[in-house]
Amino acid sequence: GAGVSQSPSNKVTEKGKDVELRCDPISGHTALYWYRQSLGQGLEFLIYFQGNSAPDKSGLPSDRFSAERTGGSVSTLTIQRTQQEDSAVYLCASSLVGGQPQHFGDGTRLSIL
Amino acid sequence: AQKVTQAQTEISVVEKEDVTLDCVYETRDTTYYLFWYKQPPSGELVFLIRRNSFDEQNEISGRYSWNFQKSTSSFNFTITASQVVDSAVYFCALSDPNSNSGYALNFGKGTSLLVTP
Chain A
1 GAGVSQSPSN
11 KVTEKGKDVE
21 LRCDPISGHT
31 ALYWYRQSLG
41 QGLEFLIYFQ
51 GNSAPDKSGL
61 PSDRFSAERT
71 GGSVSTLTIQ
81 RTQQEDSAVY
91 LCASSLVGGQ
101 PQHFGDGTRL
111 SIL
Chain B
1001 AQKVTQAQTE
1011 ISVVEKEDVT
1021 LDCVYETRDT
1031 TYYLFWYKQP
1041 PSGELVFLIR
1051 RNSFDEQNEI
1061 SGRYSWNFQK
1071 STSSFNFTIT
1081 ASQVVDSAVY
1091 FCALSDPNSN
1101 SGYALNFGKG
1111 TSLLVTP
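Chains A and B are the protein sequences, given in the same order.
Residue numbering for the first sequence is 1 to 113, as defined by my numbering.
Residue numbering for the second sequence is 1001 to 1117, as defined by my numbering.
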């Protein structure tokens, strides 16, 4: 597609369930980023992929969060045993390479009941 | 540590007024990038501009202009003759110098701009 695609656009789940968020970057973009946007914390960086590799996972909020990228394209962000504080909009962005302007998807709005 | 401050939380103007959004940043790095993004009510973050720390030339794009001053660590954004469609949240951001983060963005808290007819 022409832009970054994220799915689902909305996700409502019960506390304790696992969720998987998907990001399909712009074709040809080697760099992929996950951010989280919440009222209290603003926009926070979570993790970056160059190709299929994530050099630094320290931005992930807890060990319940994990992410992977396969084939240098689609990425998934998985949250296990969700908590109410995980409620936020999860944004994915991609760029040609790290440091170039990032282009964002519409985000996944995650609500934990 | 890096920090981006957007002191104006909300601004309200009447259409056709000029408006300036302030951005002040802190960094110890000599090489960095500054960005502005627009987030309309639809939610998608839209890239507006990237400025290299070595390039202090002001930039103009249509009704938008940016004033980068290293001496005051500021990167302000002016909209001339504002329009209702300019209503959005505007974010200033600074690139993380750590290549392991892919120069990820450190965002300010954003300024919500409302333009009324």
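None of these hints come from the bench; they were simulated from the model.
Honestly, I wouldn't trust all of these hints.
When the alpha-carbon atoms are kept at most 27 Å apart in a straight line, the in silico BS3-like pairs for lysine-lysine are as follows [unchecked claim]:
1) B:1003 - B:1038
2) B:1016 - A:57
3) A:11 - B:1109
4) A:57 - B:1070
5) A:11 - B:1003
Going down the list of hints, with the structure as the test:
no. : hint            : verdict
1   : B:1003 - B:1038 : 19 Å, holds
2   : B:1016 - A:57   : 46 Å, violated
3   : A:11 - B:1109   : 25 Å, holds
4   : A:57 - B:1070   : 32 Å, violated
5   : A:11 - B:1003   : 32 Å, violated
In the structure shown, a violation is registered for the earlier hints numbered 2, 4 and 5, in ascending order.
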